[in-house]
Amino acid sequence: MTAEPILIVKDLTIDLLTAHTAVRPVDSISYQLRRGETLAIVGESGSGKTVTCFAPLGLMPVGVKADVSGSVLFEGTELVGANEETLRSLRGKSIGFIFQDPMSALNPARRIGHQIAEVAELHLGITPRAAEARALDLIKMVGMSDPNARLKQYPHELSGGLRQRVMIAISIAAEPKLLVADEPTTALDVTVQAQILRLLKEIQARMDMAMVLITHDMGVVAGAADRVLVMYAGRQAEVGPTEKVLVAPRHPYTMGLIDAIPRRDDAIGSRFRGLSGLPPILGAPIKGCAFTPRCRHSVEGCGAQRPPLRTTADPAVMAACPVLNA
Amino acid sequence: MLVFIAKRARNAVLLLFLASVLCFTLVVSAPGNVAILIAELRTPTATKEDIAKVEEELGLNKPLLERYGFWLQGALKGNLGISYKTGEDVGAALRSRLSVTATLVAGGAVVAFVLSLLVGFIGALWAHRMPDYIMRGIALLGASTPSFFVGALLVYAFSVNWHLLPTFGFSGPASWVLPWLTLGFLPAAVLSRVVRVGFEDAMAKPYVLTARSKGLSQTRILFRDALPNIAPTYLNALGTQIGTMVVGAVVVEPLFAWQGLGDLFLAGVRFRDFMVVQACLLVFITFFVILNVVVDIGITLTDPRLRRQRS
Ligand SMILES: Nc1ncnc2c1ncn2[C@@H]1O[C@H](COP(=O)(O)OP(=O)(O)OP(=O)(O)O)[C@@H](O)[C@H]1O
Ligand SMILES: [Mg+2]
Numbered sequence: 001m002t003a004e005p006i007l008i009v010k011d012l013t014i015d016l017l018t019a020h021t022a023v024r025p026v027d028s029i030s031y032q033l034r035r036g037e038t039l040a041i042v043g044e045s046g047s048g049k050t051v052t053c054f055a056p057l058g059l060m061p062v063g064v065k066a067d068v069s070g071s072v073l074f075e076g077t078e079l080v081g082a083n084e085e086t087l088r089s090l091r092g093k094s095i096g097f098i099f100q101d102p103m104s105a106l107n108p109a110r111r112i113g114h115q116i117a118e119v120a121e122l123h124l125g126i127t128p129r130a131a132e133a134r135a136l137d138l139i140k141m142v143g144m145s146d147p148n149a150r151l152k153q154y155p156h157e158l159s160g161g162l163r164q165r166v167m168i169a170i171s172i173a174a175e176p177k178l179l180v181a182d183e184p185t186t187a188l189d190v191t192v193q194a195q196i197l198r199l200l201k202e203i204q205a206r207m208d209m210a211m212v213l214i215t216h217d218m219g220v221v222a223g224a225a226d227r228v229l230v231m232y233a234g235r236q237a238e239v240g241p242t243e244k245v246l247v248a249p250r251h252p253y254t255m256g257l258i259d260a261i262p263r264r265d266d267a268i269g270s271r272f273r274g275l276s277g278l279p280p281i282l283g284a285p286i287k288g289c290a291f292t293p294r295c296r297h298s299v300e301g302c303g304a305q306r307p308p309l310r311t312t313a314d315p316a317v318m319a320a321c322p323v324l325n326a
Numbered sequence: 001m002l003v004f005i006a007k008r009a010r011n012a013v014l015l016l017f018l019a020s021v022l023c024f025t026l027v028v029s030a031p032g033n034v035a036i037l038i039a040e041l042r043t044p045t046a047t048k049e050d051i052a053k054v055e056e057e058l059g060l061n062k063p064l065l066e067r068y069g070f071w072l073q074g075a076l077k078g079n080l081g082i083s084y085k086t087g088e089d090v091g092a093a094l095r096s097r098l099s100v101t102a103t104l105v106a107g108g109a110v111v112a113f114v115l116s117l118l119v120g121f122i123g124a125l126w127a128h129r130m131p132d133y134i135m136r137g138i139a140l141l142g143a144s145t146p147s148f149f150v151g152a153l154l155v156y157a158f159s160v161n162w163h164l165l166p167t168f169g170f171s172g173p174a175s176w177v178l179p180w181l182t183l184g185f186l187p188a189a190v191l192s193r194v195v196r197v198g199f200e201d202a203m204a205k206p207y208v209l210t211a212r213s214k215g216l217s218q219t220r221i222l223f224r225d226a227l228p229n230i231a232p233t234y235l236n237a238l239g240t241q242i243g244t245m246v247v248g249a250v251v252v253e254p255l256f257a258w259q260g261l262g263d264l265f266l267a268g269v270r271f272r273d274f275m276v277v278q279a280c281l282l283v284f285i286t287f288f289v290i291l292n293v294v295v296d297i298g299i300t301l302t303d304p305r306l307r308r309q310r311s
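Chains as they are written, first to last, in UniProt numbering: chain A, 1 to 326; chain B, 1 to 311.
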């Protein structure tokens with residue numbers, strides 16, 4: 001993990017323009033990722049995790065225009081401002097994607113074998129027959145039983161967990177260097193969640209991939225990530241090595257998230273210790289620290305000026321809270 | 001799948017039987033007495049006896065059930081009876097007319113199929129750009145122009161003005177072109193919108209985002225990912241449009257002085273020629289029933305969820 005980072009994100013800011021609205025769901029995000037490393041991006045629903053990862057690669061739904069600024073360097077290629085051709089040549093080949101909802105991410109009218117094989121055929125430059133053999137290997141690799149029959153099945157014949165395995169097979173079919181996994185386990189039931197996460201880690205180790213793992217589950221972060229980036233309302237609250245951030249959080253929002261993890265010694269039926277209040281509605285620019293209204297540590301000046309992301313007492317950890325890191 | 005097809009076929013036969021009963025009842029209960037018409041045709045001063053004689057001859061004085069049984073028996077053997085008016089064999093008349101109408105509708109269907117896919121694809125490939133708007137305009141125009149007007153326009157352009165194609169009648173394959181275009185134009189316009197709107201819907205689906213994340217090109221996504229998803233809807237609409245083309249043929253045939261089923265049917269109705277009307281109705285209904293079965297099978301084959309359910 002001493003090599004050059006393969007992904008360097010600096011001051012990434014994204015404005016989304018739809019027919020009716022303009023919002024800034026991503027505001028000055030910076031992070032780096034090395035080969036084989038896993039970065040978890042954590043935050044509540046709507047904090048901008050998905051947009052941070054997908055918009056710079058041109059993967060926004062139709063009808064949404066993403067205005068991206070800052071810099072995203074992937075293996076030395078600048079993605080911000082790159083044309084669709086450049087982005088497309090990276091997608092699937094160098095960067096694989098797993099989507100939030102496995103129930104709708106697969107094409108209902110096509111056999112899953114084809115949906116996997118076409119990636120290998122396109123990016124590995126192999127014949128359709130070789131691609132089908134590769135699809136079979138991938139189906140085995142993601143741990144699906146009866147692989148030959150699976151190739152011919154349609155998505156509606158599979159459970160959510162199996163569909164997510166297919167999605168994983170698709171995303172790694174061309175052996176990408178980076179895998180972006182958007183809440184790969186959120187839509188699945190608890191027993192399946194652990195299996196899928198383990199599978200991802202296994203594959204990552206085998207292929208020496210870097211991974212951005214989007215989640216809102218601190219448990220997932222603890223189990224799978226080397227580093228963690230905490231997002232709140234499109235801004236970066238804290239970033240650092242997982243073991244440091246989880247043990248000694250330096251931003252009140254991170255503290256709140258960690259505190260919300262259910263513990264073994266919680267009495268059964270005891271009240272859920274979530275964060276109180278709701279994240280701000282994006283739209284109008286927020287002047288000061290976005291977390292101020294929900295923060296237990298807020299002081300007079302918090303609402304006035306936006307706190308910069310600063311190195312804390314631990315040089316490996318950066319946080320955007322001058323109150324706790326004076 | 002075979003079981004599904006067999007079931008559909010059985011239902012179709014049942015439906016046809018019911019339809020034949022309905023046909024017979026409708027025609028028999030229609031006002032007007034054909035015996036009087038025929039008798040007066042023979043001798044303008046026909047008496048009651050003359051009329052009775054005609055009734056006797058044509059079996060019109062027999063009980064209804066017997067008449068139906070007699071007719072059905074014949075129909076199953078391909079013998080559809082004798083025209084009250086001309087004394088011709090209805091089956092023979094029908095066959096020559098049928099081939100005209102069938103060729104017209106089949107050609108129209110091909111025109112509608114090819115044109116609608118072409119126009120729909122162009123619209124989808126250049127979505128929200130000039131070619132899309134042009135195709136949209138053409139489709140709107142096509143869908144709101146009656147076929148007799150389209151026909152007149154085509155005849156004027158291709159025959160009268162440019163002398164490229166014959167105006168009417170049968171003089172070689174070229175004489176088919178204008179009727180086919182005339183009949184297929186409106187369905188093509190309607191169907192092209194089905195294709196275009198279908199693509200628009202499909203391209204906004206999450207699986208298209210997945211396809212894009214694989215690095216596939218937009219064109220490939222359109223054909224490989226979106227197309228299979230709109231196929232069932234399209235086939236359904238195509239079936240409906242082919243159905244309406246049978247009705248459209250009644251309008252288009254006289255435009256080109258063709259003698260098809262429409263002509264035979266209308267003449268039959270005018271003269272209360274039960275045998276002809278009945279036979280025509282039966283042909284129309286048979287066609288619709290078969291069309292339905294074929295469309296159903298097509299939809300089942302293109303929609304994997306239905307295929308699994310029904311096999
Ligand atoms: N398709 C879209 N159209 C309009 N606005 C959008 C769209 N997608 C995202 N946004 C805006 O961006 C914000 C961040 O969305 P994003 O999907 O990145 O959140 P997230 O952190 O991934 O949340 P979740 O955990 O629910 O997936 C949303 O609150 C919304 O305002
Ligand atoms: Mg998301």
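Hints should not be assumed to be uniformly reliable.
Said to hold, decoys possible - Straight-line distance between alpha carbons at most 20 Å, and here's what the computed DMTMM-like set of lysine to aspartate or glutamate pairs gives:
| # | chain 1 | residue 1 | chain 2 | residue 2 |
| --- | --- | --- | --- | --- |
| 1 | B | K85 | B | D132 |
| 2 | B | K205 | A | D11 |
| 3 | A | K65 | B | E40 |
| 4 | B | K205 | A | D101 |
| 5 | A | K287 | A | D101 |
Claimed, not checked - Residues on chain B that point at chain A, a partial pick, calculated with CB under 8 Å:
| # | residue |
| --- | --- |
| 6 | A102 |
| 7 | R193 |
| 8 | L209 |
| 9 | T210 |
| 10 | D225 |
Claimed, not checked - Derived Cβ-Cβ restraints for the label pairs, each shown as a range:
| # | chain 1 | residue 1 | chain 2 | residue 2 | range |
| --- | --- | --- | --- | --- | --- |
| 11 | B | Y133 | A | E75 | 57 to 67 Å |
| 12 | A | G63 | B | L117 | 20 to 30 Å |
| 13 | B | Y156 | A | G125 | 31 to 41 Å |
| 14 | B | R136 | A | D67 | 24 to 34 Å |
If you're looking for bench data, these hints aren't it; they were derived computationally from the structure. Heads up, the beta-carbon is just placed ideally off N, CA and C, and yes, glycines get one too.
Query raised in the report: What hints, given by number in increasing order, does this structure fail?
Result: Violated hints (numbers, rising): 1, 2, 3, 5, 6, 7, 11 and 13; every other hint is consistent with the structure.
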